[in-house]
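Got chain R sorted already, so can you dock chain E onto it with the hints?
Here is how the chains run, residue by residue.
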Amino acid sequence: MDFNFTEEQSMVRDGLTRLVRESYEFEARRKVIEGDSGWRPELWAQIAEMGLLGMPFSEEDGGFGGGPIDSLVVMEEFGRGLVVEPYVPTVVCAGGFLKHAGNAAQKEEYLGGIIDGSKVFAFAYAEPRGRYDYADLETTAKKDGDGYVLNGHKAVVIAAPWASHLIVTARTSGERRDREGVSVFVVDKNADGIVTRDYPTVDGRRASEVYFENVQIPADALIGEEGNGLPLIELVTDEAIAAHCAEACGAMKVAHEMTVEYSRQRKQFGTPIGKFQVLQHRMVDMYTEYEQSVSMTYLATLKLGEEEAERKKAVASAKVRIGQAAHHIGQESIQIHGGMGMTDELAIGSYFKRLTIFDSEFGNVDHHMKRHVALASG
Amino acid sequence: MNLEFSPEEIAFRDEVRSFIAENYPKNQEGSGLRDDMAPEDLTAWHKILGKKGWSVPAWPEEYGGTGWTPTQRYIWSEENARVNAIMPLPFGVSMVGPVIYAFGNEEQKAQHLPGIRSGDVWWCQGYSEPGAGSDLASLQTTAVRDGDHYVINGQKTWTTLAQHADWGFFLCRTDPDAEKPQQGISFILVDMKTPGIEVRPIKLIDGGYEVNETWLTDVRVPVENLIGEENRGWTYAKFLLAHERSGIAGVARSKRAVEQLRSIAANEQLDDKPLIEDFDFARKVSQLEIDLAALEITELRTLAGEEAGRGPGPESSILKIKGTEIQQRLTELTLEAVGHYGTPYYRDVPDAGSNEYPIGPDYAQHAAASYFNMRKTSIYGGSNEIQRNIITKMILGL
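Which chain is which? The protein sequence lines are R and E, in order.
To convert, note that position 220 of the first sequence is 220 in full-length UniProt numbering; the numbers rise steadily by one, no gaps.
To convert, note that position 257 of the second sequence is 257 in full-length UniProt numbering; the numbers rise steadily by one, no gaps.
Don't read these hints as lab results, they were simulated from the structure.
As a list, the in silico DSSO-like pairs of lysine-lysine whose alpha-carbon atoms are at most 27 Å apart: (1) K31/R with K203/E; (2) K119/R with K99/R; (3) K322/E with K238/E; (4) K267/R with K238/E; (5) K393/E with K267/R; (6) K267/R with K180/E; (7) K255/E with K322/E; (8) K284/E with K370/R; (9) K273/E with K370/R; (10) K393/E with K180/E; (11) K322/E with K275/R; (12) K47/E with K193/E; (13) K312/R with K273/E; (14) K284/E with K313/R; (15) K51/E with K109/E; (16) K312/R with K99/R; (17) K119/R with K31/R; (18) K267/R with K203/E; (19) K312/R with K284/E; (20) K273/E with K313/R; (21) K253/R with K203/E; (22) K26/E with K255/E; (23) K284/E with K255/E; (24) K393/E with K275/R; (25) K26/E with K47/E; (26) K273/E with K255/E; (27) K253/R with K303/R; (28) K238/E with K109/E; (29) K180/E with K275/R; (30) K303/R with K99/R; (31) K47/E with K255/E; (32) K313/R with K303/R.
Incomplete in silico selection of chain R near chain E, CB under 7 Å: (33) A126; (34) A155; (35) V156; (36) Y199; (37) P200; (38) V202; (39) E209; (40) F269.
All figures in this text were calculated on a predicted structure; none of them were measured in a lab.
Ideal Cβ positions, reconstructed from N, Cα and C, are used throughout, including at glycine.
Chain R extracted, bound-state conformation:
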């Protein structure tokens, strides 16, 4: 048993802590997210230069031979600074599909660009009606000569406004909710027939509604086996969930620290409010929730490589536990900050909002509780 990070991972963490401190001070972040593009491609390039985008890929794929724990380290720091740049969509999701199921030509074409920062991805899986069921797809990819024709509407595609490419899930056969017949494609976002409506999100990122209108894609856009994409999607989204759990832990840690610090500074009735036992115990509960969340993030991350049922159960457990903790810590942070917590001026509100949206990404508490129940009852 070993819960230590390697020396390399610790160095990465230190480098990122510095980067976040220097480039992600709260007012600097505000300027970026309120600006036209909403992110900093130059910072992404810097992150690529530090080698962070290549960490979880094998050396033969051009990476540094790491894995999910490296993504955990990165995302925890991203969470601390509420970094909006698209590590999960690009490295964990697109990178994950390619490394698990991409063929040599696809890896050749895309992985280099992911690692050097020149190709940015968004993962278009959600649909207006499907909620958290990856197989509930109205988007279709119909065979057409050598390739496919894509039609459909993907909802709230995070990072799509910044993306050069999309990973798209679509039905190649079967009925709307069948487990069979789901396929995964890599698509150039500039392809003819793709229409996007871009918008900001409440937690400071950007997203798009993406419409596919008779988009012609070549046969080699298919990642993995046609019609057998669902197990692959479940694997990659479990990896994405683990990374987001790490992000939530980073955000919860900072929210808790800010709240404790505020309770030291804020005086009412002639005393710092942190001296009131009723608030002390609530901040202790927040701390406990955070520590449980870190444990669950480790559990989920360490089980990603295990056999399917064990992996799924660990990830579902983590998403339930951390979904609950994120709500709890977010709400209590605002309450203990009082009126100041309601203002856009303080950073705490932004942590609360990110922690709120965390729950609905890749399935909320209820969704993963059901998943756990199903797995636990065999």
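For chain E alone, coordinates are given in the frame of chain R:
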């Protein structure tokens, strides 16, 4: 003991229901209050009610009240909640109005009460300060007598919708040497056009601008604007807070919000069935309805006590705590119900729903913003921690 309305009360309900149906502004139906509405939209219903004589039901009849019983007032608020009506804002009608008729002199009543009734004069509340929130009595804004004027200096905060206000009521320290902080505070009415007042908007976490910082620099106010006696303002402020607390349970509005939540959850799908048929979700909605039923009967018991001549006591803190927890939970479940479409920040996307490529269903558009915004309810009006302190002290006697 029974819960039935009397035949007279049912007749009253039918009367107000048809009045609302015929007179509520058609362009505002169901919209509810939002901070980015035009001021004339926020006061439209108030002005109609002013003409009808129904804008200040709870006031004594001699000042324009309707003479309704507490039960009739309850029916009135229920019926308005059914259409999500934008009610007269509380700052005039529920806050400063009662202070003026209870403690003001005849000139003050003649000057101010008609404009509050009609909705022509917009009021704001200058209570909280950056350093005086839950501990309101520690306020630092000063009013210093200079001939026949007070000169006011200080900073107020959380002044709701002060950007539209004509008048404000301010708590100011007039005796800095008083023995206790509660002594030495005065209650002063201020024309918001007086030189030296600056209202700066505060952006909230939902992106809205409903509250402000109000800076007062050498603001000269005639001494005639003092309510009651100098240094007795705390008494009047406490009287006002008791009025603010009644109705804070928001039962009628929450009942409507539960209906809306059910209708959203009937539209949303989970596993190819309406979300509301999902047991996990339906259970949470039922839990809310159960909590709301308990709150409603608790409020009705309080009302019955009022009809029997017992004013709302410290138990109204229960109404505040449970009422706000339910309001918050409602918005939390609504956000959960809309799934992915809780994520877009609609405020920065005009016409999000009316485009050729819409962003989600209309009902999703306020879900996240409402959830964020409603966190304020357990903080304002005496935070829920303060309410628990009141119960501890006044009811448990600890």
